[in-house]
Amino acid sequence: MSGPAAFALALVTTVLLIPVAWSEENKVVIGPRNLDLADGAQELLAGNAREGIELTLRGLQSAQGKREKEAALSNLCAGYIMIDKLDSALMYCNMLLLSNDRHWRGFNNRALIYVMRKEYEKAEKDLAMGQEINPNARTLKVVKGMFLDATHPVSPNIIIDDRKRKNAEVSVKEES
Amino acid sequence: MTTAGQTAVAAAACLAVASSAIVLADDSTRITRITHMEDSSSDRMPSVTAVPQYPEIARRDRIEGEATVCYTIDADGRICRPAVRRSSHKMFAKPALKAIKKSSYEPLQSNQEATVARTCRTFRFLLKPVAIEEIE
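First to last, the protein sequences are chains A and B. Under the numbering used here, the letters of the first sequence match residues 1 to 176, in that order. Under the numbering used here, the letters of the second sequence match residues 1001 to 1136, in that order.
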């Protein structure tokens, strides 16, 4: 695995884990409500994309409520990116964003798909949307970096300046 | 030195460093352009000039800046008591200090006297746009 596909492994840290404990009246249940979904997320986090997708698809079928369904769609999008099946990944990301247009992980994952497909205008829009929702998300910064590397590449340029400060300042002014 | 290091040094554009070896402070897989502006009035000649690695997060987020490290040079050319005097962003302080610690100067000749004055080196971390064809 290399390049953007390798990054997809890191991307699964954006998978949504469903609650591990909940209580209802006198009954207390320890552990996740949707076991397939939770196990699928764990497999994805461990880098086992195919197993993770299989379990998550099962979890999606038994998903209860919007939150579980969105977690499943988000994880499926990330999982299919991991195995480079971008059409399937895009389908689940689109379903997720149709369900919730404030889901920054959905925008993050879809932006990555667009970067991998070299559809940079779409990627830029999704990155902007994601960063508007969650400006501090690390994964959005990573995908933004990949987008910039593809569209506006740069190389480091290090200047070692041993000149005395006075001379250096004069020179900097001259350069600018 | 690693292949990546050799590539980087080969790509370096050095000014007035005839007798100084330039080395990378870290193994870097990216080609780094290096420019060394020497103070011709200095009585000490650099022996090894280590170049800091551009912080990966700064490169990713397109952050440029500079860091100045001040130090004294002993009679053997070793760098003593290096300290970051200023850094435009905290990300640049650590690689700058690391590079200084890996640098050295030529030892003093028997007829030379050691100066105790501290000297400073500024590292400017800049990003140069690259044509897309160059990286493909």
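Everything labelled a hint here was simulated from the structure, so no lab data went into it. All of these numbers come straight from a predicted model, not from anything done at the bench. Careful, some of the hints might be misleading.
Claimed, not checked - Heads up, simulated BS3-like pairs for lysine-lysine below, C-alpha to C-alpha not over 30 Å straight-line:
id: 1; chain 1: A; residue 1: K118; chain 2: A; residue 2: K164
id: 2; chain 1: B; residue 1: K1128; chain 2: A; residue 2: K69
id: 3; chain 1: A; residue 1: K122; chain 2: A; residue 2: K69
id: 4; chain 1: B; residue 1: K1098; chain 2: A; residue 2: K141
id: 5; chain 1: A; residue 1: K69; chain 2: B; residue 2: K1098
id: 6; chain 1: B; residue 1: K1090; chain 2: A; residue 2: K164
id: 7; chain 1: A; residue 1: K118; chain 2: B; residue 2: K1128
id: 8; chain 1: A; residue 1: K164; chain 2: B; residue 2: K1098
id: 9; chain 1: B; residue 1: K1128; chain 2: A; residue 2: K164
id: 10; chain 1: B; residue 1: K1098; chain 2: A; residue 2: K125
To be verified - Anything over 10 Å on all C-beta distances counts as not near chain B; from chain A, calculated:
id: 11; residue: A38
id: 12; residue: E51
id: 13; residue: R58
id: 14; residue: D101
id: 15; residue: K141
id: 16; residue: L148
id: 17; residue: D162
id: 18; residue: R163
Ideal placement from N, C-alpha and C gives every residue a C-beta, glycine not left out.
Results of checking the hints against the structure:
no.	hint	verdict
1	K118/A / K164/A	violated, 47 Å
2	K1128/B / K69/A	violated, 45 Å
3	K122/A / K69/A	holds, 25 Å
4	K1098/B / K141/A	holds, 26 Å
5	K69/A / K1098/B	violated, 49 Å
6	K1090/B / K164/A	holds, 23 Å
7	K118/A / K1128/B	holds, 22 Å
8	K164/A / K1098/B	holds, 21 Å
9	K1128/B / K164/A	holds, 25 Å
10	K1098/B / K125/A	violated, 39 Å
11	A38	holds, 32 Å
12	E51	holds, 31 Å
13	R58	holds, 37 Å
14	D101	holds, 26 Å
15	K141	violated, 6 Å
16	L148	violated, 6 Å
17	D162	violated, 5 Å
18	R163	violated, 5 Å
Going through the hint list in order, the structure does not satisfy hints 1, 2, 5, 10, 15, 16, 17, 18.
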